[in-house]
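Student: Here is what each chain is made of, one letter per residue.
2 protein chains.
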Amino acid sequence: MAKKNAFYAQSGGVTAVINASACGVIETARKNKDQIGKVYAGRNGIIGALTEDLIDTSKESARTIAALRHTPSGAFGSCRYKMKSLVDNRREYERLIEVFAAHNIGYFFYNGGGDSADTCLKVSQLSKATGYPIQAIHVPKTVDNDLPITDNCPGFGSVAKYIALSTKEASFDVASMCKTSTKVFVLEVMGRHAGWIAAAGGLASTEDCDLPVIILFPEVNFNQTKFLAQVKAKVKKYGYVSIVVSEGVHDRSGKFLADAGTTDSFGHAQLGGVAPVIANMVRAKLGYKYHWAVADYLQRAARHISSKSDVEQAYAVGEAAVKLALQGKNSVMPTIVRTSNSPYRWKIGEAKLSKVANVEKMMPKNFISKNGFGITKKCREYLEPLIRGEDYPPYGKDGLPKYVQPKNVGVKKKLKDFKVKL
Amino acid sequence: MAKKNAFYAQSGGVTAVINASACGVIETARKNKDQIGKVYAGRNGIIGALTEDLIDTSKESARTIAALRHTPSGAFGSCRYKMKSLVDNRREYERLIEVFAAHNIGYFFYNGGGDSADTCLKVSQLSKATGYPIQAIHVPKTVDNDLPITDNCPGFGSVAKYIALSTKEASFDVASMCKTSTKVFVLEVMGRHAGWIAAAGGLASTEDCDLPVIILFPEVNFNQTKFLAQVKAKVKKYGYVSIVVSEGVHDRSGKFLADAGTTDSFGHAQLGGVAPVIANMVRAKLGYKYHWAVADYLQRAARHISSKSDVEQAYAVGEAAVKLALQGKNSVMPTIVRTSNSPYRWKIGEAKLSKVANVEKMMPKNFISKNGFGITKKCREYLEPLIRGEDYPPYGKDGLPKYVQPKNVGVKKKLKDFKVKL
Numbered sequence: 006m007a008k009k010n011a012f013y014a015q016s017g018g019v020t021a022v023i024n025a026s027a028c029g030v031i032e033t034a035r036k037n038k039d040q041i042g043k044v045y046a047g048r049n050g051i052i053g054a055l056t057e058d059l060i061d062t063s064k065e066s067a068r069t070i071a072a073l074r075h076t077p078s079g080a081f082g083s084c085r086y087k088m089k090s091l092v093d094n095r096r097e098y099e100r101l102i103e104v105f106a107a108h109n110i111g112y113f114f115y116n117g118g119g120d121s122a123d124t125c126l127k128v129s130q131l132s133k134a135t136g137y138p139i140q141a142i143h144v145p146k147t148v149d150n151d152l153p154i155t156d157n158c159p160g161f162g163s164v165a166k167y168i169a170l171s172t173k174e175a176s177f178d179v180a181s182m183c184k185t186s187t188k189v190f191v192l193e194v195m196g197r198h199a200g201w202i203a204a205a206g207g208l209a210s211t212e213d214c215d216l217p218v219i220i221l222f223p224e225v226n227f228n229q230t231k232f233l234a235q236v237k238a239k240v241k242k243y244g245y246v247s248i249v250v251s252e253g254v255h256d257r258s259g260k261f262l263a264d265a266g267t268t269d270s271f272g273h274a275q276l277g278g279v280a281p282v283i284a285n286m287v288r289a290k291l292g293y294k295y296h297w298a299v300a301d302y303l304q305r306a307a308r309h310i311s312s313k314s315d316v317e318q319a320y321a322v323g324e325a326a327v328k329l330a331l332q333g334k335n336s337v338m339p340t341i342v343r344t345s346n347s348p349y350r351w352k353i354g355e356a357k358l359s360k361v362a363n364v365e366k367m368m369p370k371n372f373i374s375k376n377g378f379g380i381t382k383k384c385r386e387y388l389e390p391l392i393r394g395e396d397y398p399p400y401g402k403d404g405l406p407k408y409v410q411p412k413n414v415g416v417k418k419k420l421k422d423f424k425v426k427l
Numbered sequence: 006m007a008k009k010n011a012f013y014a015q016s017g018g019v020t021a022v023i024n025a026s027a028c029g030v031i032e033t034a035r036k037n038k039d040q041i042g043k044v045y046a047g048r049n050g051i052i053g054a055l056t057e058d059l060i061d062t063s064k065e066s067a068r069t070i071a072a073l074r075h076t077p078s079g080a081f082g083s084c085r086y087k088m089k090s091l092v093d094n095r096r097e098y099e100r101l102i103e104v105f106a107a108h109n110i111g112y113f114f115y116n117g118g119g120d121s122a123d124t125c126l127k128v129s130q131l132s133k134a135t136g137y138p139i140q141a142i143h144v145p146k147t148v149d150n151d152l153p154i155t156d157n158c159p160g161f162g163s164v165a166k167y168i169a170l171s172t173k174e175a176s177f178d179v180a181s182m183c184k185t186s187t188k189v190f191v192l193e194v195m196g197r198h199a200g201w202i203a204a205a206g207g208l209a210s211t212e213d214c215d216l217p218v219i220i221l222f223p224e225v226n227f228n229q230t231k232f233l234a235q236v237k238a239k240v241k242k243y244g245y246v247s248i249v250v251s252e253g254v255h256d257r258s259g260k261f262l263a264d265a266g267t268t269d270s271f272g273h274a275q276l277g278g279v280a281p282v283i284a285n286m287v288r289a290k291l292g293y294k295y296h297w298a299v300a301d302y303l304q305r306a307a308r309h310i311s312s313k314s315d316v317e318q319a320y321a322v323g324e325a326a327v328k329l330a331l332q333g334k335n336s337v338m339p340t341i342v343r344t345s346n347s348p349y350r351w352k353i354g355e356a357k358l359s360k361v362a363n364v365e366k367m368m369p370k371n372f373i374s375k376n377g378f379g380i381t382k383k384c385r386e387y388l389e390p391l392i393r394g395e396d397y398p399p400y401g402k403d404g405l406p407k408y409v410q411p412k413n414v415g416v417k418k419k420l421k422d423f424k425v426k427l
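Residue numbers (the numbering used here), protein chains in the order written: chain A, 6 to 427; chain B, 6 to 427.
Bound-form chain A, shown alone (with noise of 0.2 Å):
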């Protein structure tokens, strides 16, 4: 049988380590040449496979995909889009079956969170369905944790490394203002459904460096008056303190505190944003002087201070993600196996996508401390091998990370267009 050619796309929100997942399975794939052909990416993810939009990375040097494993975004583009079943849109798994086979793709590698497991897991299916011979595998990222099986999900460590550090470091810029100024900081972070991310603000307190933290989880009904009480006694006691909010924190309704039915004079509605809302709630109530950030994008991004086990492990599942395929595996998912905490000792496993898709790992109860406002001494165990380890980007004379752009040369079209409704 001739080599097959591998398809690899990245898929929905990017993290700073996903193209090291990128690197993993491209130099993987071009150790095994004798056994797989090009590696050819999807622009702007699964899209590009539906359209037949697909960028040929044997264009690219060795030299360039090496520089992905420390360049944050995704490189190839990543999109948004959720395959619907077969059953309700046969005629999109039909055109990936017809994209594969004009390019004689054997390997289909998906790289993303929950929903990406779950198209991987119907392309997966393709082989049986349709006859024609795909192997789907999966290759976990994101930066919510929130995928089952895996001890963690890469692209997670590096965001909880920037939001535990970006605490450390503002909560000693408040410390140093609160005599006559601010007293109250406000970090608002990501994690719409579950506080992984919230959660690491927590580890900026230490034994050696003792901090006035107080995290606000989704996975905790928000309460004002229980909340202000512990504004007030970590003011009283360190004369300042520090509150990393979840964008879902929500009431016992359920309503979101972002959702605060802001209006701006310009007459545009809903600004978003928890951080000026917690901010404006302690100043009004309290009358604490505050700051607030919102770090968005910036979290995902900072592939400056990425964590080095993220990197690592962002790598190896890509890595894996290979050798499953070359050992004939379909419908998998390279998993990150923790074998031993002290010392962080990990390994790479497998999951059956089946079990992956369409579940969503959540914090465990006994990670969120009674009062519902901090971490527990188990979370922190979790939590802190992740972050643990730096892997410096390497810099120009600019000042700044190279971060490579690669050509993202396209592949010449052998079939007719397909619309994609986006």
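In case anyone wonders, no lab produced these hints; they're calculated from the structure. Keep in mind that this is a model prediction, so the values were computed, not measured. Careful, some of the hints might be misleading.
Unchecked claim - Calculated cross-link-like contacts (lysine-lysine; reagent style DSBU-like; alpha-carbon spacing at most 35 Å): (1) B/Lys89 x B/Lys407; (2) A/Lys38 x A/Lys412; (3) B/Lys237 x A/Lys426; (4) A/Lys424 x B/Lys242; (5) B/Lys242 x A/Lys402; (6) B/Lys407 x A/Lys366.
Dock chain B against chain A, hints included.
Tutor: Below, chain B without anything else, positioned relative to chain A:
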């Protein structure tokens, strides 16, 4: 004459490198023990002097003092407190002299920006006015980069590096997402009066790495029509755009865009934040999906990615301040003198405080591009050396920088209490 002790205080908003200046002052004083006694730090800045709340830095180990070089924030506490004129508040100046006399203080090192330079100037005049010998040396510090005479201000370079780098990282992120999702990213940065920090966002785009960045300067009256045309043009060409907006952006009438009259459903007015105002405007008028971030304290506390030039200069002005004192100087400030741009070379100079106090250095007009939304080559040549080089702090096993918290042991009070109206 018995050797005199020194007083050192941090003033105004702190920075990632103001402690590097403290380190320079204290280490240099320790090297000159034959001429300088102890270095007393004001707890919470000048308030510490007025209330006789002094910290005995001789109680800190050489290791702790050395670690100040890589610790952000103000280790002894800062304050926002501007002393009035001698005429308006003679009693406060008399009190300073009483405290200096009680603790045998002959050197006054004041580490701050424009307002502090003014206070330092007044203190320098006390010697003549009161007959008590005091030498007052100002140590420059401000992220606003608005002190005159000195080529640049310690603290600014690190913020500039953080903003340039964050703009680059976020731009890569948006570029990945823009096909199906976010097309516009808005980053709000500090700089109420001058656009120095916003200008740093322009460094993200270089010859090697072309990125679409629009800057909104406080120096340029905001014009919605022109702005939206810029956004539209960039999105058309690149598929996305990053907008770096100074908190001080205002319209022709001087009204801040951040003061857009926002209210939330709790009934609290003025949340502040210009980033959401800009983002919302873009969506309302052009329909693009957006994300926005507010860097706030994160930008000035980000010691983890301080520029090497900045750290070296911050240390150097602290060191130079002590040397100037030992030369018998009074009422001066060490400055940074750029002697060559390519290669970048600088040395320490000296300015009279009377020339520094109450003079604000604005961005030169030829630093802003003709259309008002970018920086010129001249600006780039000025800024780039200031963000060059990395100076990483050491990290602990917890994955976080090892920032130091000095013991800050108080000096026994000798005088009666003195109330300061905060």
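Student: Give a verdict on every hint.
Tutor: Structure-based check of all given hints:
1. Our distance criterion of 35 Å between C-alpha atoms is broken by lysine 89 of chain B and lysine 407 of chain B, whose separation comes to about 39 Å.
2. For a cut-off of 35 Å, the pair hint linking lysine 38 of chain A to lysine 412 of chain A stands: about 22 Å separates their Cα positions.
3. About 23 Å separates the Cα atoms of lysine 237 of chain B and lysine 426 of chain A, which keeps this hinted pair within 35 Å; it holds.
4. Annotation: proposed proximity of lysine 424 of chain A to lysine 242 of chain B holds, straight-line Cα distance about 22 Å (limit 35 Å).
5. About 28 Å separates the Cα atoms of lysine 242 of chain B and lysine 402 of chain A, which keeps this hinted pair within 35 Å; it holds.
6. With a C-alpha separation of about 32 Å, the suggested pair lysine 407 of chain B and lysine 366 of chain A falls inside the 35 Å cut-off, and the hint holds.
When each numbered hint is compared with the structure, a violation occurs for hint 1 only.
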